[in-house]
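K.L.:
Next come the chains, spelled out residue by residue.
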Amino acid sequence: MPDTSPAGSAHGASIELIDLTKQYEGAAEPAVDKVSMSIPPGELVVFVGPSGCGKTTTMKMINRIIEPTSGQILIDGQDAMSLDPVELRRGIGYVIQQIGLFPHMTIGENVAVVPRLLGWDKKRTAARVDELLDIVSLDPSSFRDRYPRQLSGGQQQRVGVARALAADPPVMLMDEPFGATDPITRERLQNEFLRLQNEIRKTIIFVTHDFEEALKMGDRIAVLREQSHIAQFATPDQILADPADEYVSSFVGEGAALKRLGLVSVGTAPLQSWGEDASGLPSIPSDVTLREALGVLVGAGSDRVVVRGPDGPIGVLTMATVTSMLEGAGDGDC
Amino acid sequence: MAIVEPIVEPGTENESPYRTGSHWWQGNRFLSVQMWLTPLVIGGIWLLVYFWVAGRELDSIEQRTLNADYLLTAIGQHLRLTVVATVLVILIAIPAGILLSRTKSRTVNNAILGAANIGQAAPAIGVLALLTIIFGVGFWIAIAGLVAYTVLPVLRNTLIGIQQVDPALTEAATGMGMTPGQVLRRVELPLAVPVILAGLRTALVFCVGVATLATFVSAGGLGDIIVNGIKLQRAPVLIVGSVLTAGIALLVDWLGGVAEQTLRPKGV
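Quick mapping for you: the protein sequence lines, in order, are chains A and B.
Start counting the first sequence at 214; every next residue gets the next number (the working numbering).
Start counting the second sequence at 9; every next residue gets the next number (the working numbering).
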């Protein structure tokens with residue numbers, strides 16, 4: 214993106230939590246107990262855990278919507294507690310489950326909220342609004358002047374993401390951002406967001422109670438238990454292959470091997486070369502996962518499927534390949 | 009050739025751009041015949057009363073009241089009482105309501121709401137009598153009575169209007185880096201406008217009715233005409249006073265309704 218952000222850091226910043234604790238008055242035990250965690254710039258970390266485990270509280274302490282009782286938050290090495298909370302929040306994108314678009318403002322005005330708070334001039338703000346609406350695949354000329362209630366839930370959530378990105382913050386906090394949408398819209402939003410994150414490389418903390426979503430979205434996943442204690446903090450593949458304990462296993466549930474197939478895209482699997490004999494076989498795009506490919510193979514009753522790249526067929530995936538990768542996944546080596 | 013496409017391609021847009029029936033102008037009374045019904049009916053009734061009075065032989069007592077000068081003066085006084093009282097109510101009740109919505113202190117809460125409740129619960133005529141005993145008579149005494157009586161609806165609606173704003177919106181606003189003052193001005197108050205206006209409309213109608221009591225503290229208004237009609241047993245005088253007061257109250261209510269429609273934030 215050509216934008217020059219006020220912070221001068223279009224890409225992510227590192228986040229370090231040190232013994233972060235929230236003790237509510239009158240509560241016997243802290244809601245969040247001494248969480249420590251280090252997140253490198255540009256990583257998308259998912260907090261996953263049952264409701265009431267403190268994952269949202271932990272996230273909201275980072276932009277000080279909830280003030281920590283003790284502990285430290287370092288963003289790019291700077292102590293968040295030493296900053297004015299209002300200034301701190303203007304540098305952190307924030308997306309919530311309820312979306313929270315302001316119903317009395319147009320889509321354009323909603324996206325322009327933070328730039329206006331930061332005192333950008335009108336021209337720069339307007340250009341940025343159009344750029345962002347484009348990024349989230351909403352045509353600026355037709356959406357800019359509409360009101361939120363004229364949009365579908367999925368469109369509103371895209372505006373929510375655009376609004377959070379408006380001032381190009383290095384850090385984003387996302388609290389079950391796709392939780393209120395139907396499964397099809399959610400999957401589409403997830404895919405779009407992953408593609409976007411590939412370009413913008415923000416440091417993101419993403420809270421969800423949906424383990425499948427965590428597997429899909431996270432570079433790393435923090436599985437949390439009560440009081441935000443970290444049960445395991447690792448990549449999706451490591452968690453599936455080698456859950457730290459019973460608690461994490463219960464999250465992974467049945468079919469860990471199958472889920473691991475969901476982490477590998479067809480394009481990276483060993484493929485047989487494509488030949489004329491393969492015409493008539495079902496075909497799939499190369500960016501779908503092996504798990505989806507397996508679904509197509511089983512569904513079509515075929516043992517081979519053609520993999521399409523952007524410029525036509527690139528190879529043939531066989532059932533045997535998928536099965537061998539499934540077994541490999543089951544062995545727990547990775 | 010069997011092409012299996014299990015993936016929904018992102019970018020295929022099958023979400024409807026509009027939810028049907030949610031255009032801001034739909035249901036806007038501005039464009040409807042209904043909207044002009046109230047003033048037309050009131051005008052009609054006033055005309056009927058005018059012709060009825062004009063067709064009668066008025067005696068000298070009736071003539072002293074039922075002439076254009078006297079009536080216009082009374083209407084002018086009445087409207088002035090109403091407008092001044094309403095402006096004061098706005099200046100007192102809206103800030104008090106905002107303060108109430110900000111405070112978590114029970115004491116402050118009870119004190120303000122209690123005072124407003126007493127003002128409304130105490131009979132206006134009693135309040136006026138008390139004020140007169142202490143401060144004498146006059147325009148400002150009448151205003152004090154009116155304000156005391158009409159503060160509550162505006163205060164209560166300001167408080168409720170702010171409280172009913174979705175907490176997700178204030179959290180989003182705060183999370184984006186708005187100061188508490190910016191959250192109030194840019195999010196909470198605009199969204200509370202319809203509810204505040206509804207309270208103001210109620211207060212205005214109260215004002216027009218209660219302002220008839222201003223006659224007892226020598227502050228004039230349409231109460232003069234009504235009281236004259238009763239005291240001197242002149243039915244035409246009494247009827248003209250009553251019909252004028254009722255008509256003005258209804259007109260004010262109607263204007264309030266129009267204002268609610270017009271000032272309501274777009275998109276809400």
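Be a bit skeptical, because a hint or two may be false.
[Stated by the list, open to error] Using C-beta positions, here's what the derived DEER-type ranges look like:
1) B:K112 x A:S355: 28 to 34 Å
2) B:K112 x A:R362: 28 to 34 Å
3) A:A339 x B:P175: 29 to 35 Å
It is worth saying that the hints were derived from the structure and are not from the lab.
C-beta atoms are modelled at their ideal positions from N, C-alpha and C, and glycine is treated no differently.
K.L.:
Now, for every hint given, state plainly whether the structure supports it.
P.N.:
Structure-based check of all given hints:
The beta-carbon spacing between B:K112 and A:S355, approximately 44 Å, falls outside the hinted interval of 28 to 34 Å. Restraint check, B:K112 to A:R362: a C-beta distance of roughly 32 Å satisfies the suggested window 28 to 34 Å. Hint check: A:A339 to B:P175, Cβ distance near 31 Å, so the stated range 29 to 35 Å holds.
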